[in-house]
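Novice: Build out the structure end to end from the sequences listed, making use of the hints.
Here is how the chains run, residue by residue.
There are 2 protein chains.
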Amino acid sequence: MNKQPKYRQVADALRREIDNGTYPPGSRLPSEAELSTRFDASRNTVRAGLNLLVTQGLVASSQGLGYQVTKHEVFKLNASRFENLTFPQNGDAYSTDVTAAGRRPSQTFRVELQPAPKHVAERLEVAADSTTVLRFCHRFVDDVPWSTQATHYPEWLVAKAPRLTEPGDIAEGTTRYLADLGVTQVGYFDEITTRMPTPEEARLLEVGAGVPVLLWTRTGYSDERPIRCTVTTFRGDLNQMNYEIGDLSAREVSE
Amino acid sequence: MNKQPKYRQVADALRREIDNGTYPPGSRLPSEAELSTRFDASRNTVRAGLNLLVTQGLVASSQGLGYQVTKHEVFKLNASRFENLTFPQNGDAYSTDVTAAGRRPSQTFRVELQPAPKHVAERLEVAADSTTVLRFCHRFVDDVPWSTQATHYPEWLVAKAPRLTEPGDIAEGTTRYLADLGVTQVGYFDEITTRMPTPEEARLLEVGAGVPVLLWTRTGYSDERPIRCTVTTFRGDLNQMNYEIGDLSAREVSE
DNA sequence: TAGTGGTCTAGACCACCTC
DNA sequence: AGGTGGTCTAGACCACTAC
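Chains as they are written, first to last, in the working numbering: chain A, 108 to 362; chain B, 108 to 362.
Treat the hints as calculated values from the structure; they're not laboratory data.
Hints are supplied without guarantee of correctness; some may be wrong.
Because identical chains cannot be distinguished in the list, a pair is counted as satisfied if it fits within a single copy or across any two copies.
[Said to hold, decoys possible] PhoX-like mimics (lysine-lysine), calculated; alpha carbons at most 25 Å apart, straight line:
(1) Lys225 - Lys267
(2) Lys225 - Lys178
(3) Lys225 - Lys183
(4) Lys110 - Lys178
A quick note: this is a predicted structure, and the numbers were derived from the prediction, not measured.
Specialist: As structure tokens, this is what we get:
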């Protein structure tokens, strides 16, 4: 018989009760002291069990308040439509989608000149230390941190499109602005990965332990070369990415 | 001044040393006892710090061996080509890609009849309790668990395509087989999310704490209706998904 | 057998939230 | 003030790996 350690028994028992609805999303778990009595374990052992659930993203704890079962409402992003090739737009698609979902979007924005980080330089096909324009966006939905988005433009493009260095939004959208200058995005290459957040990411996105981030790197191409590289970091518990490929005329649009 | 708790100082110090190459991927960290001396902290405090790094996926521990810095080689899956509409193929694309990378693929496979789980029923647009054929695949690369893949086919399709219930592989590929019967997949809808693994997923994929899973749900459509729903569960530390959209003729294929 | 991490306890004190 | 979780300690014993 595989005897589980006590703290795992605690975690498993609580997980079952969360799954079967004893503790529904948003409700509070019993206090450590109560659980300690119930499982005949020391407070530290109960804490070890609870910590497992926290790192698995099932519950979150806060000092003075207790442990609360997490609840998510995921936001669905259609990445194959997000910046439609025929209707190029900037971050506007984000505001539009969020508003359409009845939520309130907000963001902070800044522009910097930066030497290209290695992975960006590779994707933009420029030298690793060459200058790029970084347009950085920190996005919130109903004041909850949602994602960060960092778009790098190569130096040669800035010469053609000086407004890229303007500190504010470009009203008509950067994609539109660039297209008007003869630099049209005709394709994208998307890379999607996941991992646990770095301390910096955890701070910006205000994620606790147990919530991974979804990393989305989009490299945009003209018919000649890469013209931008956008790295978006999503809270993994609040976001889903969708792609449409081929003919989907048979699809019910129920969502 | 924001004084960090001691176990965070331990974690931060070790993280810096991992980042700057003091402890390169694959190397071992000092023992808990040594770290305890170095940081003038109790063994439990050091363990709390190390546990942070473990849940962040930076290091892995094993009894009797110590803590080892994790190393990853990510496998890149081109999801927009994986089952090319013009060259339909089954799991073969997986073996082909893996072999091309100089790795050795293997898999276990089984077929079951199952009532449609809720999320599958929605996507296949069938009743929630209707029967589906489940073709399930557990994939390994060089004997490391890589992903699980569960494809559900609706009951009405099985009537047309009885070989779907055959327990073995379909030699020419299921997509090909279905196309020959007049059921052609003309489009896909892909959904990508991430979260921490359930205990069951952790067991199948042999992931330790701190490694999220990447969930990929692909619903395939004929020109009339959905014909299959495939849910793939990847180890997030070993996999990346790529999509190509639009015209990428300018892209250097360096990988 | 020696050294490593894994489990567990009992108790102390602190920080935060609610009343 | 009282209850909650957060931090930290000191020590015990167990399980696994290497030699």
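Novice: Pop the pair Lys225 and Lys178 into one bin, within, between, both or neither, using alpha-carbon distances up to 25 Å.
Specialist: between (37 Å within a copy, 19 Å between copies)
Novice: Within a copy, between copies, both or neither: which one fits Lys225 and Lys183 at a CA-CA cutoff of 25 Å?
Specialist: between (30 Å within a copy, 19 Å between copies)
Novice: Is the C-alpha distance from Lys110 to Lys178 at most 25 Å within one copy, between copies, in both cases, or in neither?
Specialist: neither (32 Å within a copy, 31 Å between copies)
Novice: Give the relationship of Lys225 and Lys267 under a CA distance limit of 25 Å: within one copy only, between copies only, both, or neither.
Specialist: So Lys225 and Lys267 pass the 25 Å test inside one copy only (24 Å; across, 52 Å).
In terms of the numbered hints stated before, the structure departs from hint 4 and from no other.
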